[in-house]
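Visitor: The residues making up each chain are set out below.
Number of protein chains: 6
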Amino acid sequence: MKRLLITGAAGNLGKILREGLKGYADILRLSDISDMGEAGPNEEVVKCDLSDRAAVIDLVKDCDGIVHLGGISIEAAFDDLLQANFLGTYNVYEAARQNGVKRIMFASSNHAIGFHKRTELLDDKAELRPDSLYGVTKCYGEALASYYYDKFDVETVSVRIGSCFPEPKDRRMLATWMSPRDFISLIKAIFDAAMTGHTVMYGVSPNKSVWWNNDHAAFIGWQPQDSSEAFRADIEAKFPEEDRHDPAVIYQGGGFAARGHFED
Amino acid sequence: MKRLLITGAAGNLGKILREGLKGYADILRLSDISDMGEAGPNEEVVKCDLSDRAAVIDLVKDCDGIVHLGGISIEAAFDDLLQANFLGTYNVYEAARQNGVKRIMFASSNHAIGFHKRTELLDDKAELRPDSLYGVTKCYGEALASYYYDKFDVETVSVRIGSCFPEPKDRRMLATWMSPRDFISLIKAIFDAAMTGHTVMYGVSPNKSVWWNNDHAAFIGWQPQDSSEAFRADIEAKFPEEDRHDPAVIYQGGGFAARGHFED
Amino acid sequence: MKRLLITGAAGNLGKILREGLKGYADILRLSDISDMGEAGPNEEVVKCDLSDRAAVIDLVKDCDGIVHLGGISIEAAFDDLLQANFLGTYNVYEAARQNGVKRIMFASSNHAIGFHKRTELLDDKAELRPDSLYGVTKCYGEALASYYYDKFDVETVSVRIGSCFPEPKDRRMLATWMSPRDFISLIKAIFDAAMTGHTVMYGVSPNKSVWWNNDHAAFIGWQPQDSSEAFRADIEAKFPEEDRHDPAVIYQGGGFAARGHFED
Amino acid sequence: MKRLLITGAAGNLGKILREGLKGYADILRLSDISDMGEAGPNEEVVKCDLSDRAAVIDLVKDCDGIVHLGGISIEAAFDDLLQANFLGTYNVYEAARQNGVKRIMFASSNHAIGFHKRTELLDDKAELRPDSLYGVTKCYGEALASYYYDKFDVETVSVRIGSCFPEPKDRRMLATWMSPRDFISLIKAIFDAAMTGHTVMYGVSPNKSVWWNNDHAAFIGWQPQDSSEAFRADIEAKFPEEDRHDPAVIYQGGGFAARGHFED
Amino acid sequence: MKRLLITGAAGNLGKILREGLKGYADILRLSDISDMGEAGPNEEVVKCDLSDRAAVIDLVKDCDGIVHLGGISIEAAFDDLLQANFLGTYNVYEAARQNGVKRIMFASSNHAIGFHKRTELLDDKAELRPDSLYGVTKCYGEALASYYYDKFDVETVSVRIGSCFPEPKDRRMLATWMSPRDFISLIKAIFDAAMTGHTVMYGVSPNKSVWWNNDHAAFIGWQPQDSSEAFRADIEAKFPEEDRHDPAVIYQGGGFAARGHFED
Amino acid sequence: MKRLLITGAAGNLGKILREGLKGYADILRLSDISDMGEAGPNEEVVKCDLSDRAAVIDLVKDCDGIVHLGGISIEAAFDDLLQANFLGTYNVYEAARQNGVKRIMFASSNHAIGFHKRTELLDDKAELRPDSLYGVTKCYGEALASYYYDKFDVETVSVRIGSCFPEPKDRRMLATWMSPRDFISLIKAIFDAAMTGHTVMYGVSPNKSVWWNNDHAAFIGWQPQDSSEAFRADIEAKFPEEDRHDPAVIYQGGGFAARGHFED
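Same order as they appear, the protein sequences are chains X, L, E, B, V and U.
Once you know that position 264 of the first sequence is 264 in UniProt numbering, the rest is easy, because the numbers rise by one and skip nothing.
Once you know that position 93 of the second sequence is 93 in UniProt numbering, the rest is easy, because the numbers rise by one and skip nothing.
Once you know that position 108 of the third sequence is 108 in UniProt numbering, the rest is easy, because the numbers rise by one and skip nothing.
Once you know that position 258 of the fourth sequence is 258 in UniProt numbering, the rest is easy, because the numbers rise by one and skip nothing.
Once you know that position 170 of the fifth sequence is 170 in UniProt numbering, the rest is easy, because the numbers rise by one and skip nothing.
Once you know that position 7 of the sixth sequence is 7 in UniProt numbering, the rest is easy, because the numbers rise by one and skip nothing.
Treat the hints with care, as some may be off.
As the list claims (entries may be wrong) - Straight-line alpha carbon distances no greater than 25 Å define the calculated DMTMM-like cross-link-like pairs of lysine to aspartate or glutamate that follow: (1) U:LYS2 / V:GLU241; (2) U:LYS102 / V:ASP243; (3) V:LYS208 / U:ASP226.
No lab work stands behind these hints: they were computed from the structure.
Kindly produce the complete structure, drawing on both the sequences and the hints.
Guide: See below:
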């Protein structure tokens with residue numbers, strides 16, 4: 001691949017990929033609304049507000065693929081999400097269509113299905129049950145991706161990301177954790193695949209407790225290899241027992257499902 | 001029911017219900033951005049732009065239920081949909097939550113699943129495959145409805161409406177037509193039901209050719225009774241043979257699936 | 001059929017069949033622990049405690065089929081159910097095996113699945129979710145029937161009966177009502193069928209609101225024809241609005257699901 | 001439709017359609033290896049051995065559609081089936097491809113699934129379980145039809161025909177009977193449909209006892225209207241009780257499933 | 001966990017857990033109708049007849065969890081099962097409810113589904129097909145567990161145990177064997193889980209030949225690690241060829257499915 | 001096993017098994033229409049044209065099992081397939097029935113389902129979608145196998161073989177490759193199983209990219225262990241990028257799906 005664009009490159013996930021994808025494409029074009037530091041070798045750094053359509057169309061020029069992480073990644077006021085996630089993601093897809101980009105990795109989220117109980121095993125056919133306005137924006141993004149594939153042949157793999165950090169931070173993440181290494185190999189698997197159409201999958205390492213099933217996406221050939229088990233003792237020492245009547249324990253979305261309406 | 005709000009009351013569907021629901025609630029509150037004429041007996045007429053949140057919160061006050069038809073109901077520029085459908089529908093749900101409204105009928109659309117082929121029989125578990133940006137806004141609306149039920153106990157029946165006109169207008173509508181009479185009885189069935197949670201169903205009369213299955217919503221007890229068959233001879237005389245290689249014939253969304261990107 | 005045994009013949013359902021099955025078999029053998037009055041023409045009346053195995057083995061002699069309605073049909077103390085429903089039903093099956101009876105209609109109950117929500121459409125594959133100890137005895141009876149078919153070739157149709165009365169008595173029964181006429185035609189269809197194996201089906205008339213699906217049992221050819229709709233106006237006048245947060249409204253089992261532990 | 005070819009026109013089904021489709025196409029081209037009498041108005045009569053490829057290619061010229069009934073329709077020696085059904089059906093499809101025929105109705109048979117039990121409800125996704133070599137030829141025909149659609153865009157509706165006679169002839173046919181009138185309306189529905197791809201459905205009237213489900217083909221809009229019930233009393237008088245241990249009663253294929261290897 | 005009760009502690013499974021769960025809870029309370037020897041450190045030994053309700057209510061006091069292995073674990077006379085399994089298990093659940101016990105591991109059995117063929121892969125949704133009266137008592141126990149969770153919030157994991165012995169004893173056990181080590185880790189996984197609701201799973205090690213699928217219970221995070229393969233050579237040497245027409249080979253329940261009615 | 005017959009023994013697969021199954025049966029009887037060289041120790045070599053029924057009946061005498069690889073294994077003219085695959089396979093099954101052979105491994109092919117897209121995960125219930133006339137002959141063979149099991153108790157495992165060569169030869173084979181070692185262990189697992197009925201499974205090694213799922217056949221206990229990954233670098237160096245609009249890339253059947261009608 002010649003040029004791969006990463007939006008949201010200044011964020012947590014963006015930093016992981018900026019480092020992890022070095023050498024994967026000839027050039028990594030990095031974009032964010034925040035500061036990303038200097039461009040390193042084989043990097044292009046482009047500050048860009050994704051809600052500015054003209055700027056996004058420029059940004060996407062000459063790119064072969066896009067890893068779309070940009071936008072707000074926590075619960076937020078609807079009006080902020082309207083700009084960053086609804087409009088921003090539309091602009092990215094429209095720019096991809098106009099520039100002939102072949103494939104996008106869309107950073108969807110487990111919060112698109114966060115109101116399912118922990119005792120359920122979900123696959124890509126699970127009913128959408130967002131646990132937050134943020135989760136609603138991810139349902140929207142997946143629908144938009146489906147549309148751009150069906151009508152304009154822009155392929156997407158929508159990855160419902162669990163919790164991608166160097167280490168799991170609480171008991172829930174023992175189930176939802178995806179290691180940075182597994183995330184990096186996922187991105188490579190997605191862009192290496194011969195064809196993907198629009199595929200929905202879950203971004204999670206093979207932890208001991210499993211809520212999500214990626215069998216339907218086995219054609220992609222992703223083989224994650226890490227597990228949260230190494231961190232269990234520490235986490236369990238740090239956090240008291242979970243209360244099975246707490247919505248944050250009952251529902252897959254955890255705290256997102258438990259909290260009330262976002263107040264600015 | 002004491003007061004039922006109808007948004008989009010000046011539109012095609014709104015007019016059908018304004019007439020058809022006379023006497024169903026003590027008061028029909030009618031709202032639109034366009035002119036709705038004078039209020040009749042047991043009517044309240046409130047001009048309102050759904051993208052104005054404060055206005056919508058006022059509009060919803062004292063209502064027991066909402067038939068949310070408002071917004072753009074054809075393919076349109078994304079920026080227009082952003083205001084009318086994304087923001088407008090959010091405002092309606094947020095107003096419902098703040099005002100304690102129990103149940104909403106959300107006018108979703110067959111265009112949320114319009115990229116399925118005509119040869120498929122869909123039910124509520126069918127994969128979302130929107131055929132237009134308009135269809136994407138309906139996917140979003142259903143996700144929002146799911147969220148407001150799961151978290152705030154606001155019930156919704158999302159009705160993927162086929163084609164609701166006095167008569168079917170073309171060959172495709174022989175399959176997608178819902179008679180105004182069946183639409184009216186559907187609204188009554190929805191608000192008469194003891195509980196609905198968030199239910200997705202299809203708004204279509206029992207025509208001869210069937211693409212959609214409502215068995216899962218049989219608890220609602222809707223018994224539509226009309227059929228497009230009475231209009232078949234006329235329609236077939238008026239319209240030439242369908243070309244089975246035309247996307248408008250292949251896909252359930254018809255012309256919406258066949259047309260390209262919306263250009264203002 | 002020469003001789004058809006009805007257990008529980010003095011009960012509500014038993015009386016309906018005693019009258020309705022006149023002439024269907026050469027002889028109706030009627031059994032109950034309570035008084036059943038005099039034997040009419042082509043009737044045999046045998047008082048019998050179903051928990052007395054030897055008596056039951058005698059009772060079943062020379063019968064070609066059994067309609068097993070006997071036992072306790074409301075929530076009760078476990079110790080009473082142990083005798084009447086657990087032991088009683090075993091005795092009936094064991095007597096059937098020893099006497100070579102070919103087929104049994106087992107009066108199961110919707111309370112075997114009463115903790116499913118009203119918004120679900122159930123078929124024979126629905127998870128068992130009993131709403132009462134009574135419901136648990138029906139789950140047991142279905143399992144026993146399965147066993148006697150698989151191992152001893154005694155066929156059973158287990159009918160999860162809704163509410164079989166001359167008229168529906170409350171709002172819930174608008175959905176669960178089976179008319180006596182439909183019940184009678186169901187029994188005939190069951191014993192007329194060439195083979196049944198062990199089949200689970202729902203005993204309900206084609207009412208407007210539908211919770212249960214019998215498609216899998218379409219081979220039996222039962223065509224029920226009544227509807228609770230004729231009684232709706234009266235029922236709705238008599239009963240106030242249903243509260244959708246009341247367990248008796250949320251769950252299919254109604255009051256059985258809502259009540260607590262049975263206290264003698 | 002200008003010219004519709006019927007193969008096997010001298011057989012039972014062929015005669016029903018020769019009469020019933022008068023006026024449906026401008027010209028009915030009738031073909032058989034047996035004598036078909038004189039051509040009537042708007043008829044062309046062509047004697048043809050379907051195992052003669054060149055002859056079949058000629059036969060199909062200028063046809064818009066084909067109703068392929070030709071071949072052996074009972075159990076037979078494999079070597080005879082090899083010519084009549086394997087080779088014959090291939091020749092018809094190859095001729096259709098070469099002549100640009102758009103759609104074929106392939107007379108498949110319930111004997112393609114005849115080893116399913118009567119107590120099962122089958123749809124188009126049911127496992128193939130042929131009950132005879134004849135049934136195996138129908139599985140083959142459906143596979144060939146799938147291939148010609150996927151690769152060459154020749155559409156087929158494969159109809160697993162039950163028992164199409166003026167009246168049901170035995171107890172099994174009370175379930176499998178398709179009235180000639182319903183068969184005729186089925187053929188019209190198939191050729192009237194805008195698109196069909198390769199669709200598998202069951203050819204049966206809405207009898208009381210139902211083994212087969214056509215919901216997935218509801219897009220075709222076939223509305224059969226007859227029932228075997230009118231003939232039940234006569235049939236039941238004529239035929240003794242069915243033995244539920246007889247393979248001819250256990251399996252949907254009836255006598256085909258019960259008989260052993262065909263001996264010439 | 002402070003105090004974990006094990007019923008049936010004198011049996012084969014009970015002994016495995018008495019040893020294997022040392023140190024898992026502060027105190028193991030051990031109960032059986034048979035002699036269990038002296039209490040070791042951190043053990044309480046309580047002789048108890050599970051059919052004595054008052055005794056069971058006492059037994060359960062101050063326990064946080066229950067591993068319910070007690071009762072008859074082979075085919076037996078119904079009257080014995082009535083006391084030990086039907087009444088005994090009810091008493092345990094009722095005692096759990098009255099004492100506020102949070103979670104129970106119920107020792108269900110593969111004999112609840114033993115009349116499925118070996119060639120089928122079952123999960124928790126498989127139809128119940130008990131192969132014995134013993135198996136029927138396990139179906140009952142699962143239904144009771146479902147009821148106590150839905151109504152009284154007592155959680156259960158019902159484990160359909162295969163064959164838990166130090167080594168597999170015959171050819172069938174090459175598929176059904178669960179090692180003691182895997183059984184112990186299963187119990188820990190069940191009581192460590194944050195929530196379980198009522199979950200049905202299979203107790204079997206990852207042997208080469210697999211009949212049962214636990215994917216739906218992946219949230220529990222059980223990772224069994226043993227295999228019967230180490231014992232294959234010995235077993236195959238010891239046991240002659242299996243006859244595929246023998247019910248003990250055809251059905252998953254093995255000898256239970258093959259034997260006739262239990263005669264005392 | 002005393003005597004195992006391998007048809008098609010001179011072909012690629014036959015050679016692998018001739019070598020790999022040495023010692024598995026007392027005698028390997030090898031058959032082909034082509035030269036197979038001299039019989040080695042414990043081998044019988046029988047030249048035989050499978051379209052000659054009498055010869056095949058002789059060939060099968062005294063065999064306990066058959067590995068049926070014989071026939072044409074590439075796309076070919078229908079008339080050639082008619083003899084080699086349709087007639088040849090029938091002769092093998094009929095000979096097995098007449099000689100009381102218990103089990104057959106039928107070499108089906110991925111080309112029986114080759115018109116499914118690469119992005120789908122198929123199991124044995126996947127719709128048949130042959131990609132070639134060759135693929136159609138495999139659909140036929142599976143149907144014939146089903147028939148011979150249901151009626152004559154001749155068991156078959158139909159293996160839809162991917163690509164069995166010492167090494168994968170192109171990019172597609174990175175997904176479809178089955179190593180010779182895994183093929184050999186599959187054959188042993190099939191003939192070692194206590195019962196198989198008619199089972200359909202996929203012959204493929206556990207490669208990184210997965211299109212096929214054998215969970216339903218887990219009872220057979222096959223544990224393949226190789227992967228194409230070792231060959232990836234070489235293959236990717238040798239072959240240019242795949243074009244996702246090329247039918248050979250879109251469809252699982254690869255080149256078979258992409259090529260047109262076979263012209264002799």
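Visitor: All the hints need checking, so say for each whether the structure fits it.
Guide: For each hint, the structure was consulted:
no.: 1; hint: U:LYS2 / V:GLU241; verdict: holds, 13 Å
no.: 2; hint: U:LYS102 / V:ASP243; verdict: holds, 11 Å
no.: 3; hint: V:LYS208 / U:ASP226; verdict: holds, 17 Å
Of the numbered hints stated above, none is contradicted by the structure.
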